[in-house]
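A.B. asks: What follows is the residue order along each chain.
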Amino acid sequence: MKVRVKLFSIAKDLAGVDETVVEIPSGSSAETVLDQLIARNPRFVDWKPSLRLAVNQEYVRNGHLLSENDEVAVIPPVSGG
Amino acid sequence: MVKITDSAINIEKLLVQVTKPESGAVNVFIGTTRNHSHGRKVTGLEYEAYMPMALKTLQELEQDAKARWGLHDVAIVHRVGKVHVGEASVFIAVSSAHRDEAYQASRFLIDQLKQVVPIWKREFFEDGTVEWSLQAHEQKTEIEA
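Listed in order, the protein sequences are those of chains F and C. In short: position in the first sequence from 1, add 1332, done, that's the working numbering. In short: position in the second sequence from 1, add 451, done, that's the working numbering.
What the hints contain is simulated information worked out from the structure, not anything from laboratory work. Everything numeric in this text was worked out from a predicted model, so none of it was measured. Please note that a few of the clues may not be correct.
Quick partial rundown of chain F residues pointing at chain C, CB under 8 angstroms, derived from the structure [said to hold, decoys possible]:
1) Phe1340
2) Gly1348
3) Pro1409
Glycine is no exception: its CB is placed at the ideal position from the N, C-alpha and C atoms.
Working from the sequences, and respecting the hints, build out all of it.
C.D. replies: Here it is in structure tokens:
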């Protein structure tokens, strides 16, 4: 299945794009998206522990199961204020 | 009211909006952009937001604070895009019958904003380097904005 992935801050710099689509097996967890990004750029590994994930604009745990056409966002440490 | 904007924050207008006839206290927090970061000189800043989620999380914080402290009104405004040194990057105003609720709600809102709202700051340094500010998780106990 395909999910849309939005990237911000350092994650956007590492990916080189602010949005992408990843193809993952049906029933995959949100973490699978991070593993796909790591496969594309191994430098993502160093950041993995500090990246949070959101699905359809809600924070989720890495084990959250995805559905087709979900919007997954990769959220590096936030720094508003 | 929550808002994310790329223009200067109109502080006086927001204050008038938040102040209600039944209010006895209005607490305002303004986060301004510093000219230094970890000992290095900062010449400019830029913020980006995951807009729909940032607005949603701000609205949730607003509702939480209203319910918890019985506030009369709340205004939270955050800048995105370029922000000059010394300008307000975030504005939070809360009104309530008495000052305790206003102080507590204001502190809660800025602390939570810095933890959960998907907004990121990029600092432009004097030496020409540009870096994302990524220390947010270690700054949990700081009151700086």
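A.B. asks: Indicate, hint by hint, whether the structure satisfies it.
C.D. replies: How the hints compare with the structure:
no.	hint	verdict
1	Phe1340	holds (6 angstroms)
2	Gly1348	violated (15 angstroms)
3	Pro1409	holds (4 angstroms)
Against the hints set out earlier in the document, a violation occurs for number 2 only.
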